[in-house]
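Turn these sequences into a full structure, and let the hints guide you.
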Amino acid sequence: MSLITPGFGLLFWMTVVFLVVLFVLWKWGFPVIVKMELDRKDYIDSSLKKAHEANERLANIQKEGESILQEAREKQALILKEAAETRDAIVEKAQEKARAEGARLLEDAKATIEQEKKAAIADIRKQVATLSVEIAEKVLRKNLQGDQAQMDLIDRMLDDVSVN
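Using the numbering used here, read the sequence shown as starting at 1 and increasing by one per residue.
Please keep in mind that the hints were generated in silico from the structure rather than gathered at the bench. Treat each hint with caution, since some may be false.
To be verified - Calculated pairs, DSS-like style, for lysine-lysine (alpha carbon to alpha carbon, straight line, at most 27 Å):
id	residue 1	residue 2
1	K75	K63
2	K49	K35
3	K27	K50
4	K97	K110
Here is the structure:
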C-alpha cells in the first residue's frame, strides 16, 4: 500500500466514518448551527430596526427642537417688541409729565411775578403818596406862612368842594 493510492478497505472505512460524522452533524450539529445563525440574523435585523427607529426618533426630535427654537425666537421677538413699546410709552408719559410740570411751574412763576409786581406797585404808590404828602406839607408851610395866605387857601378849597 502506498500513501498516494489508498486501498479499497481504507477507502471504505473512510467513507463509513465520513457518513457517520455527516449523519451526526446533520442530526445534531447543523440544526444548532442553523439555529445560531438564524438567532444572529434575527438579532442583527432587530438591531437594524431599532437603529432605524432611533434615527427616525432623532430626526423627529431635531424637527421638534427646530420648531421649539423657532417658537422661542418668535416669542423673543414679540417680547422685545412689547418691551420697546412699553419703553416708548413710559418715555412718552415721562415727557408729557415733564411738560405738564414745566407748564405748571411756569404758571406758578408768572403768578408769583404778578403778585410781586402788584406788591411793588402798591409799595411804590404808598411811598409816592407819603412823599407827595410830605412835599405838599412842606410847600404849604412855605406858602402859608402868613394868616392871610391861609385864609385864601381855605376859601379856595371851600369853593372847590361846593362846586363838586
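Going down the list of hints, with the structure as the test:
A threshold of 27 Å between alpha carbons decides the hint, and for K75 with K63 the separation of about 18 Å falls inside it, so the pair holds. The straight-line distance between the Cα atoms of K49 and K35 is roughly 21 Å, inside the 27 Å bound, and the hint therefore holds. For the given pair, K27 sits about 35 Å from K50 by alpha-carbon distance, which is inconsistent with the 27 Å threshold. Between K97 and K110, the direct Cα distance comes to roughly 20 Å. Compliance with the 27 Å bound is thereby established for this hinted pair.
Going through the hint list in order, the structure does not satisfy hint 3, though it satisfies all others.
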